[in-house]
Amino acid sequence: MIAIQTEDFSPAQEYERLEGSKSSGAIVTFTGTVRDMNLGDKVGGLFLEHYTGMTEKALQEIIDEAMARWELQTVRVIHRIGQMYPGDRIVFVGVASAHRKEAFAACEFIMDYLKTRAPFWKKETTPEGDRWVDERESDQAAADRWL
Amino acid sequence: MIAIQTEDFSPAQEYERLEGSKSSGAIVTFTGTVRDMNLGDKVGGLFLEHYTGMTEKALQEIIDEAMARWELQTVRVIHRIGQMYPGDRIVFVGVASAHRKEAFAACEFIMDYLKTRAPFWKKETTPEGDRWVDERESDQAAADRWL
Amino acid sequence: MIKVRFFASFREKLNCEQLTLQEGEYAPLLSALKSQLADQGEGWREVMMSERTLVAINQTMTRQDVTLRSGDEVAFFPPVTGG
Amino acid sequence: MIKVRFFASFREKLNCEQLTLQEGEYAPLLSALKSQLADQGEGWREVMMSERTLVAINQTMTRQDVTLRSGDEVAFFPPVTGG
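Read top to bottom, the protein sequences are chains U, R, Z and P. Count the first sequence with the working numbering and you get residues 10 to 156, in order. Count the second sequence with the working numbering and you get residues 10 to 156, in order. Count the third sequence with the working numbering and you get residues 35 to 117, in order. Count the fourth sequence with the working numbering and you get residues 35 to 117, in order.
If you are wondering where the hints come from, they were derived from the structure by calculation, not from laboratory data. Where a beta carbon is used, it is the ideal one built from N, C-alpha and C, also for glycine. One thing to keep in mind: the hints can contain errors.
[Stated by the list, open to error] Under the rule of at most 25 angstroms between Cα atoms (straight-line distance), these lysine to any residue pairs were calculated in the SDA-like manner: (1) U:LYS31 with R:LYS31; (2) U:LYS132 with P:LYS47; (3) U:LYS31 with R:GLU144; (4) U:LYS66 with P:GLY75; (5) U:LYS132 with U:SER32; (6) U:LYS31 with R:MET46; (7) R:LYS31 with Z:ARG97; (8) U:LYS66 with U:ILE11; (9) R:LYS110 with R:PRO136; (10) U:LYS132 with P:LEU48; (11) U:LYS31 with R:LYS66; (12) U:LYS31 with R:GLY53; (13) R:LYS110 with U:GLN69; (14) U:LYS31 with R:LYS110; (15) U:LYS110 with R:ARG78; (16) U:LYS66 with P:GLN70; (17) U:LYS132 with R:GLU28; (18) R:LYS66 with Z:GLY77; (19) P:LYS47 with U:ARG78; (20) R:LYS132 with Z:ARG39; (21) R:LYS132 with Z:ARG79; (22) U:LYS110 with R:MET10; (23) U:LYS31 with R:PHE18; (24) R:LYS66 with Z:ARG79; (25) U:LYS51 with R:THR134; (26) P:LYS37 with U:LYS51; (27) P:LYS47 with U:MET93; (28) R:LYS51 with U:LYS66; (29) R:LYS31 with U:ARG140; (30) R:LYS66 with Z:ARG97; (31) R:LYS132 with Z:VAL100; (32) R:LYS31 with U:ASP50.
[As the list claims (entries may be wrong)] Derived DEER-like restraints, expressed as beta-carbon distance ranges: (33) Z:GLU85 with R:LEU48: 21 to 27 angstroms; (34) U:GLY138 with R:ALA107: 51 to 57 angstroms; (35) U:GLY29 with Z:THR101: 50 to 56 angstroms.
[Stated by the list, open to error] Part of the chain R face toward chain U, derived, beta carbon under 8 angstroms: (36) GLY34; (37) ILE36; (38) THR42; (39) ALA152.
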């Protein structure tokens with residue numbers, strides 16, 4: 010249900026894995042990709058560092074909490090690490106549930122928690138040089154909604 | 010951006026259409042499928058009737074409103090009509106935006122409005138016979154959240 | 035001339051998909067048209083008087099009473115259940 | 035023995051990825067370990083005293099002061115920015 014990988018992933022294949030059950034009526038997916046602009050600067054590339062071992066543990070805790078809050082059939086989280094470029098996929102969260110409201114809530118919850126609790130860090134390459142990306146208050150606010 | 014069709018669609022292809030822009034950072038998709046159970050009865054099949062012409066118009070109004078509320082790059086809505094069976098895909102809503110919060114909100118908004126404003130009607134085949142599906146209060150409540 | 039259309043369970047209940055009414059055959063206010071149709075029988079009365087019934091004029095839903103013009107398409111249908 | 039790890043901008047700022055401290059080389063309370071590390075220089079002080087700094091003990095984030103046990107892995111890192 011969790012993959013941390015340097016390779017790209019296929020949204021098509023991920024869909025198929027989510028579609029298995031005839032009792033699911035709703036599938037919600039989120040795909041995050043590298044944008045070519047951030048804070049007004051052109052982004053040439055992105056390096057994603059992570060804390061091996063803790064990453065998997067943190068993601069599993071987030072998924073467990075989502076499954077405790079909502080009735081979900083399948084949850085799939087993929088996060089890429091290493092070097093990426095604009096347009097590349099970074100993250101995928103897919104949720105299958107019997108009901109649409111639950112699928113939407115769980116998918117957004119997982120992303121909000123991933124953004125504030127999973128040990129990944131982005132370093133951007135810009136014309137001004139490389140820089141570590143700062144956390145956003147809006148991400149913390151999004152995560153705090155679920156408390 | 011809108012398709013009303015009897016044929017199945019490919020989530021993989023829909024993904025590709027949403028992924029075109031390097032300034033989008035977030036793609037959220039919803040896929041609704043036919044469940045094998047509803048209100049405690051086994052569902053053998055589903056016939057989807059629609060109001061030709063008004064359907065396209067209603068969906069376009071919903072998309073226009075979403076695009077006025079949030080900054081979105083691409084919106085794609087597909088709704089199938091005719092005879093379907095458990096596990097079949099019925100509806101797809103895909104939204105690409107620069108930001109995750111907007112992509113989630115717009116995708117859920119479009120589904121909530123589609124459920125209460127687009128002229129589609131489901132008729133289920135169950136062991137008790139065929140029956141028109143009744144509207145759900147929870148769908149109306151979900152749509153009213155956006156007022 | 036106006037066209038009156040019925041969908042889904044209403045179409046089945048009334049056993050009617052479409053009516054064409056010529057000038058003079060229909061009351062010009064939507065509310066009056068509904069009363070006129072309600073008088074066609076018990077099923078018609080139920081459909082026209084139900085609070086659940088939705089109305090679209092020229093493929094746009096409306097909750098207000100309006101004056102009908104020649105060429106208008108008036109549709110009556112139950113709450114939608116797509117998605 | 036405990037392992038102390040640093041990630042991302044902290045790793046670069048301190049020019050240190052990992053420290054191993056033997057029994058007797060570290061204060062047993064997390065808060066005391068932080069003070070001890072803060073004394074290693076200006077960059078260390080900044081990292082250890084910042085309110086933004088996150089701490090994980092054995093790969094679980096904590097905001098409380100705890101007693102460290104031999105074998106523990108203590109990690110210091112800036113706010114996460116994945117996704």
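Hint numbers not upheld by this structure, sorted from lowest to highest: 1, 4, 5, 7, 9, 11, 14, 16, 18, 19, 24, 25, 26, 28, 31, 34 and 39
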